[in-house]
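Undergrad: Sequence:
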Amino acid sequence: MTLADGGVRGPYRDVAEWLRRMPAERVAAARHEVNQFYRRHGITFGAYGAAEGHETTIPFDIIPRVIDWSEWQFLHDGLVQRVKALNAFLADAYSTREICRAGVVPEEQILRNAEFVPMAQGLTLPGGIHTQIAGIDLVRVGERQFHVLEDNVRTPSGVSYVLENREMMMRLAPDLFSGMGILPVANYTEELLATLRSVSFSDDAEPNVVLLTPGHYNSAYFEHAFLADEMGIELVKGSDLFVDEGRVFMRTPRGPQRVDVIYRRIDDAFLDPLAMRPDSMLGVAGLVGAVRARKVNVVNALGNGVADDKSTYTFVPDMIEFYLGEKPILDNVPTWRGDRPDDLKYMLAHLPEIVVKEIHGAGGKGMLVGPTSSRAEVEEFRALLLARPDNYIAQPTLALSTCPTFVQSGVAPRHVDLRPYVLSGRKTTIVPGGLTRVALKEGSLVVNSSQGGGTKDTWVWARPRARTARHAEQHRQEPVLAGALPAARQVGGAPA
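Note that numbering that gives the first Met the number 0 has the sequence shown beginning at 0, numbered continuously upward.
Derived from the structure by calculation, the hints contain no laboratory data.
Remember, predicted model here, so these are calculated numbers, not experimental data.
All C-beta atoms, glycine included, are put in the ideal place defined by N, C-alpha and C.
With a straight-line cut-off of 25 Å between C-alpha atoms, the simulated SDA-like cross-links for lysine to any residue are: (1) Lys364 / Phe380; (2) Lys83 / Pro105; (3) Lys326 / His75; (4) Lys440 / Pro58; (5) Lys344 / Thr396; (6) Lys83 / His146; (7) Lys440 / Val26; (8) Lys364 / Pro395.
So the derived label-pair ranges between C-beta atoms look like this: (9) Gly9 / Pro351: 33 to 41 Å; (10) Asp317 / Gln120: 17 to 25 Å; (11) Pro255 / Gln120: 25 to 33 Å; (12) Arg293 / Glu190: 22 to 30 Å; (13) Asp389 / Pro351: 19 to 27 Å.
All chains, full assembly: derive it from the sequences and hints.
TA: And the structure:
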């Protein structure tokens, strides 16, 4: 937000002035009521590892993150390039594996990967697209300098918070939106539905799309219900679907209804008890066969985990050059692999200084942040690394960018990352901004909600301002104070 000389960076000047004008008691009331509103109306996630059924809100910080238009254009181009290469890799990985024949990626990186699904071999998908919805985690390390931390191409979550956070900020600060020219995000679900329909095997003008959820015990169930409601599609569980003569149908009071596209929020292993885990109660018997017969498309595709494996991540720059003939726009973080002897030696010698991650870890779990870990934690991780070196990668501890954030003592810098969402169908769409996650603990680099992180609204600051000013005007309300929040919307039969 600030420059080296103490001045305020251009995109933040209006935000800084807004904060200056807001009395401290109004800020405190707004912060409290926003988070209470999220809790009262079911905008929560399930906290696994706690008591059964325990749900919590993700803390929302009302100081937005602002990205300049030119910086966003740079990110946009890099994200399009990266996801295009990942899609090419997945199509290749499940067909002839030309990238392996060329010696760019070892074949065992694919075939011995725990996320490789042999039944996806030979699948031909509309447009050759395996990753219709990608969430790419980025960190800013300097002016127009971003590194990719992770590629999430299985079932990336969090986009509902992008939309809800924006709705809340438009009520908190309508004048800022009308004056700054912030690009809207409200059309995300419209673009998502168009993307899902565009990858149907069916020739119907409006293919039937459903969202498949594991159910209300899932940590992201709120998001499943929210997205289904916003798109106007059915939210279903595995028991609501069945396969007959190679086609998937949904049970309805009016009789069976054909399903063309399934936006699944269930892991591969649980999708089909006939083809995958036989004990799965969440999937649909015969679903994989229907996909192979091109009667239904499952989004994202079966077997995508080979591309968001943290060891596969190290090859993505090579994929970009191999498939696209281009230099990567967005850099990877320098990475050491535990399955390489020299890398392992370095990792073991520098554990207190580096970040070590399980290659299939998620949610901030299964990782060591050396500089903030105790000697006992470092030694415990050393034993894990020695026992299974191929299960870990390591990266330097980056000087992540910070954003001003409300904390108990006032406003202080906290580390942030960014997850934009890339939609790939007949066209590629990236809704401006994405989910900014913030590490609320002082000095922490872990932004995951399951580890105590929070979120911010992400603003892309652009000109001309006319379009976004009109958009803001439609949502103009009085600033949010205690008791002045909008009524809840009904999502999937429950307040959200």
